[in-house]
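Trainee: Letter by letter, the chains look like this.
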Amino acid sequence: MPRKVGVVAVAQTKYEAAKPAWREAEITYQVVERLLQETGLTFAEYGTGIDATVTCSSDHWDGRTLSDIPHGEVAGAHLRAEEKVSSDGINAVIYAYLQILSGHYDTMLVVATCKESQTVGHIIENLAFDPAFQQQIDLDFLSAAALQANSYIHKYGITPEQRAQVVVKNRKNAKDNPFAQLTTPVTTEQVLNSEMLAYPLRSLETKPVSDGACGLILATEEKARKLTRTPAWIAGIGQCYESHYLGDRDLATCEALTLAAKNAYRQAGITDPLKHIDIAEISEYFSYQELLWTEGMGFCDKGQGGKLVDKGITGMGGKIPVNPSGGILSGNPTLVAGMARVVEVALQLMGNAVARQIPRAKTGLAHGTYGPCGQHQAVLILKS
Amino acid sequence: MSKAKEKETQEYLGLSHVLNLSFNWSAGPYLGKWLTELRDNGKLWASRCPKCQRLLLPPRIVCGICHIRTPEWPDWLQLSGKGKLLEWEKVVAPQMNPSTGKIEPEPYIHGNILLDEGVTFQHYLEEQDETKLKEGTRVEVVLKPREERQGLVTDILYFRIVEE
Amino acid sequence: MSNRVAIIGVGQTYHASKRPDVCITELCNEAVRAALEDAELTMKDIDAVVTGNMELFEGRYHQDLWQVDYIGSYHKPGFRVTTGGTTGGTLACTAFYCATSGQYDVVMSVTFEKQGEGDSRAGLKIVADPIWDRWITTGAIGTLARLGSWYMKEYGATEEHAALVRLKADRNACLNPHSHLKLHLKSVEDVLKSEMLVPPLRRLDMCPASEGACAIIVASEQKARKLSRKPVWVKDWVEVHNETRYNRGDPVSLENLEKAATTLFRRNGITNPRRDISMAEIYEPATWAELVWFEAFQFCQKGEAYKLVEKGATERDGEFPVNPSGGVIATNPIGATGMIRVAEAAMQIRGDAGPHQVTREVKRTFTTAWGGSSWTVAHLLSKTLD
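Chains as they are written, first to last, in my numbering: chain G, 1 to 384; chain L, 1001 to 1164; chain P, 2001 to 2386.
Hints were generated in silico from the structure; no laboratory data involved. Hints may be right or wrong, so weigh each one.
[As the list claims (entries may be wrong)] Straight-line distance between alpha carbons at most 25 Å, and here's what the computed DSS-like set of lysine-lysine pairs gives:
1. P:Lys2153 / L:Lys1132
2. G:Lys175 / G:Lys362
3. L:Lys1051 / P:Lys2259
4. P:Lys2259 / G:Lys262
5. P:Lys2311 / L:Lys1084
6. P:Lys2311 / P:Lys2182
For clarity, every value in this text was computed on a predicted model and none was experimentally measured.
Use the sequences and the hints to build the structure in full.
Mentor: Right, dumping it as structure tokens:
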């Protein structure tokens, strides 16, 4: 019988354009401290408290080899097990989940931190492309996304207004999220008149530079029920890599996401996403991505993502609210973003989302992605 | 051409790249205060873990062993800057400083000093003649003049031997 | 542990100081194909692929993304874990976790380093805190030099003993087709005349920077029995990290190593390590580390290790072989090094390591990975499930 594992506590810092007052690990500790206070858990002997930690940070963004040294130190790594996932944070959650499923641990702390403000993202992102073929033409995730946006728009006739609608929706949602970075709503006009960065993507269609951290504690059923009355159970996971070379891919689709979602849905018994999922937190680094990802996840047919947002299906009062938190467009650092989606879904299922709460949310989908044009995709289903 | 000859004359194409990635790290309230006290007042401080009581140099947000918050300044202990040499390293092989890209002048000696308050600190030693160094040698800190101090750990110039 | 896992395939490249004939991903592909061939499987049989290396060493960001087409993770689940020097050992644990989770049955784990393509010395220097001590750090060399001075002073070992360890490593490496440094050293003098780095550490006392990759394939119990004629069972594994080592009041930090060994031995009923275990592949970045850490891992009393080396007890044909592969001192593609220990130990258990096979029967092995601020990862492999 596979173990049942639940999220028993979550924490996040306010996401800000910069946090010059704090070092990276100090920001991590703010999240860790909250989690320890909330659950009363300690880094005790194996089996009696937090058994192990998975951190999520990037040597590139921290400017430090073994960036998990300081993060691990504040997250209980002394004479204990700690591992670092240096990709999008949702994968750190999935890894911790696998470690508990293996029977090796019962209770795990997972935390992700990034201070984008302290260095230059464009140069780092360029290093993700293979050195001989794609790095030389100065690609970064923005220009790659622009290529994908053009491909997607050209194939399905997605309009600038539909893309802008995603931004308007999410920025409006952010107003009710006390952790969100950008909390001033924007209009379609403002989005469509914002500075062109990489055609067709304008600045308001991209995420801001952001600093922050988030984290959560996972526990087996027996321990989870002692720690909280409202655990959010992990019901399904899926991860999938897409091909690296952009030319190998049909950029107007996201097969890897479909495969990842398929696995997660199968495990969670979801056959009709619109019907079975009450709330989704999706990683939309760019406006068009929310539309494309909803297609990949089967919320609608290919090419119909624009209609979802037109009809308000993904709005706060819609059939499947997407990004009640305000999403990544309202400000999340890279790496933290995917874990923040899990945190937000858990908050919803625990009934703690306050002003942004979706009533009677019982099944939630968290999505994370990293790499050019979402080369790696991951989906995690939570149920209350 | 024989296979062996082919391999000899084969050109292995490589791509050169100098990664120039700039950073601006925050010092945070603990290390930041430590550095400003050094720069502005020429003072050295350490903090103490409220649980295990060990001295923390540098002061930091949490004791990694006890997992609890540690005090912020001024709830710190001022250090005399005096101590004894535990051991030292004479660095002979050339080392590049990754912050400047320049090769450090070598050889140089740096020491591991046990400060009188009971915490260790690593820094340059003034004495570059190893024969004059032995375990237990008394040393004291020497700071750069105020106008040269910038809020860096190298505002400390070195530790010099104290003639007893 | 609720589920059991076995290693059903291992593969590595022919490690060298430079492999200009392949790019990073082709290097990994070599190890992957070797592992698949060893396991007699194809990528179709693999359920998930996990990978890792030292993040910054080759400067690449999200290295696993470029690797996709070369290590078979295309349209498969997987992720990347990076824990510095312990990465290879950690990625073995990652595969073990995945294969015992019930989510994946057959998992491949791939690690590598192509150090000539980056600046690993700078990469190691920036382990240090950028504000506190990056300007003064000498990286691992200083720490390992201090280990040597301390051991000699504490127990009366001499530089000749470290040289004996180096000679053993070279003898073994010369028999290991995959090893990097095959120096054919003849005498203690050959070792002692090498360049001094930070006394007493000489160049030949230190591990090299190698380019190479390693891949292992593991399977959950049922699948392992079905797919492999010689599954190597994974009894247990442990990871021990620590807080930043700012204060070097004690010149030598053995806590992590001791805890790793104690935990594994206690959990698996091992009361006399040198009797209950057949051999060890220890991650030894320097000759001195092999001596001091052999003691820290409780394979002998403190101060005894160098005497055992004198007697030849840790030779390939000795009573307790240590690093019959030649160890890290002969081959060190950092990201893969920890995993090479596991791959080598698995081959020794299977009895097909090749010319460097140990002469005694191998029932159980102890493998470790080291890195970070003295982190330790350790695994226990066994010929049988009991």
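Trainee: Does each hint fit the structure? Answer for all of them.
Mentor: Now the hints, each set against the structure:
1. P:Lys2153 / L:Lys1132: holds, 19 Å
2. G:Lys175 / G:Lys362: Holds, at roughly 23 Å.
3. L:Lys1051 / P:Lys2259: With Cα atoms ~23 Å apart, lysine 1051 (chain L) and lysine 2259 (chain P) stay inside 25 Å; holds.
4. P:Lys2259 / G:Lys262: violated, 42 Å
5. P:Lys2311 / L:Lys1084: violated, 40 Å
6. P:Lys2311 / P:Lys2182: With a Cα-Cα distance of about 23 Å, the restraint between lysine 2311 (chain P) and lysine 2182 (chain P) holds, given a limit of 25 Å.
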